[in-house]
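Peer 1: The listed protein sequences derive, respectively, from chains E and A. Residue numbers for the first sequence follow our numbering, beginning at 4 and rising by one. Residue numbers for the second sequence follow our numbering, beginning at 4 and rising by one.
If you are wondering where the hints come from, they were derived from the structure by calculation, not from laboratory data. One should not assume that every hint holds.
With a straight-line cut-off of 30 Å between C-alpha atoms, the simulated DSS-like cross-links for lysine-lysine are [what the hints assert, rightly or not]:
no., chain 1, residue 1, chain 2, residue 2
1, A, Lys150, A, Lys35
2, E, Lys338, A, Lys5
3, A, Lys35, E, Lys5
There are 2 protein chains.
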Amino acid sequence: MKVGILGGGQLARMMAQAGIPLGCEFVFLDPKADACAGQLGELVVAEWEDASALDRLSACDRITCDFENVPATVLERLADAGHPVRPAANAFAAAQDRLTEKRLFESLDIEVAPFAPVSGRTDLLDALDRIGYPALLKTRRMGYDGKGQYLLRTPEDLEPAWAELGDHELILEGWVDFDFECAITVVRNAEGEMRCYPLSRTVHADGMLRLAAAPANVDAGLRERAEACGRLLAEHLDYVGCLTLELFVAGDRILGNEFAPRVHNSAHWTIEGAVCSQFENHIRAVCDLPLGATALRAPALMFNWIGAMPSTDALLNVPDLHWHDYGKQSRPGRKVGHATLLAETWPALVPVALELKEDLPQPLDRLLDKLVSI
Amino acid sequence: MKVGILGGGQLARMMAQAGIPLGCEFVFLDPKADACAGQLGELVVAEWEDASALDRLSACDRITCDFENVPATVLERLADAGHPVRPAANAFAAAQDRLTEKRLFESLDIEVAPFAPVSGRTDLLDALDRIGYPALLKTRRMGYDGKGQYLLRTPEDLEPAWAELGDHELILEGWVDFDFECAITVVRNAEGEMRCYPLSRTVHADGMLRLAAAPANVDAGLRERAEACGRLLAEHLDYVGCLTLELFVAGDRILGNEFAPRVHNSAHWTIEGAVCSQFENHIRAVCDLPLGATALRAPALMFNWIGAMPSTDALLNVPDLHWHDYGKQSRPGRKVGHATLLAETWPALVPVALELKEDLPQPLDRLLDKLVSI
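Bound-form chain E, shown alone (with noise of 0.2 Å):
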């Protein structure tokens, strides 16, 4: 089966090193000339609305996303055209809108915190006198890793968040002073049919996750809660694929920050971690195969490399830590390749992490603190 994807960055590659192996072939559309999933298929390098470049997307047997930013209109018009786009526009349109997500998030009984749409000075005075400092100034669009943000702790920070993200369409978010952050991913078939993973915790530092680790370690109610929303998610869109739900935790509350209707960085430990990955699953749901098996294989740890892969002479040495080079070039605050440590238990697994501090990069040396006490 040939299926082609939309952006071809480490998430299309891992889809593709998953799917190679169940028979299909790869097409991948992206604007860059280096996409590093260019590697594993035929990539073409064009606009996203390019329309020679979507014809040869349409020749493919499906056609999924690695990017949540991808033109809904974009998802619409193929669709449109009889191609089988999974999943389909309707994610991405509710992904790609904070206030739309947020709103979506609402009426499916899914906590989020306070918010307001603001679409000038006025309405940002408004919305702070309800909500309060401190709050997040984000635009509604094209936010991903942190950009597109400003955190507003007084009123001082007022005037140089309006210099960097005035001229945007923005929503404020209240401040969440969660105890900790985690996330679900839901694969979910054509016939409606729907797994979870094991719950992740995540660590995020600078907007970008840093550190994830499964299971979460929190208690089943916490669990299934969790597990509740993403799959309300997904039957809500009618959702074809897998789709991770983030999520903060603050006492007893459950609240959704945000999803992506992708594969995504919170469950790359699912390669190794889990009987089926969740590249593999997604590429399942896409291609009506039957969905694999969610299952814990072993807690796992992953870490991601941030800016240039670290040295290979140490780490490679840890039984049971995985490599990803996503084969990319080095560069401030690139995503450029994880590794995922396992061992048969969560106890077992910590003080191997522990000795890995010194060969780790900032700041997951410190961030591993936050971790490796759950």
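Starting from the known structure of chain E, arrange chain A on it as the hints suggest.
Peer 2: Just chain A, lined up with the frame of chain E:
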């Protein structure tokens, strides 16, 4: 690191699948334009001795092989020109001639079945006098997957065997009435560090491997002797990469049958069943990266798909069954894919395997009984 592979079949394909996450890029040289590894790198279509094709391989940082019958002279020429060829030509020279191979085993005190070189009818009759019936008449060179062999059961088989094989250099081997077959895979790096994978049990039919299981469930003494044979061989050859030695077990005797200077079908189960697969460890050794752990992750049973891929409908529904479609056209006798079933214990694996019987192509359903009782 850029790795050139002589041969672009499924072994090269799986080496690339394992090596790409390590940051490697691949160039394959193969006489066939549809060589299935081409999906994962640059495919140079040319004969083994084609000078300009070899120049393109020479631009790689490392050179290795997916096929034991690449002319050893080609590997020597590349090495003489200063290119790092791993494993080196000596291993291929030894494996390509069954007579050299058997004498090598003898020199290392690895027991072998009685054998004799056969250069003419007189030799054959003399050898049969000494070795007796049944015996296998084999071409010394270019044999694999049961090709170039004739089983002599009685003197009446002499004429047809001679008509088929008489114009080759031959070897006569005494028939080994073995209890079972197994295979030991060793990885060795350039510094001489060696690691053994758990011993695999193998089942052949019509000269081709059909099933493999690990661990082999043999007593520790036998396992240690098998490992010692593999290590001796790798050490003697100053070998770099993965090597597999196929063995017969008859009572308390363990006999060397043949070895392959490459990754091997009997260890495909290591992709999911071992901590670090034979493919990844071969690439690690070839690229001077630290060796990975060869420990068992879970008991594994591998099914070879020969001729055509079976339907995915039933088989992909089996939890912890892992699919490997090589992307090859169907053709009788051709290895087109495999699947590996894992379970936490062998007793837990057996009933799952037996339930698959009706979905397994002939003769796997029948052969399965040879393994499930181990």
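Peer 1: Does lysine 338(E) pair with lysine 5(A) here, judged by a C-alpha cut-off of 30 Å?
Peer 2: 22 Å, holds
Peer 1: For a C-alpha distance cap of 30 Å, please report whether lysine 35(A) and lysine 5(E) respect it.
Peer 2: Measuring from Cα to Cα gives roughly 22 Å; hence the hint holds.
Peer 1: Is the Cα-Cα distance between lysine 150(A) and lysine 35(A) 30 Å or less?
Peer 2: 20 Å, holds
Hint violations for this structure: none, all hints satisfied.
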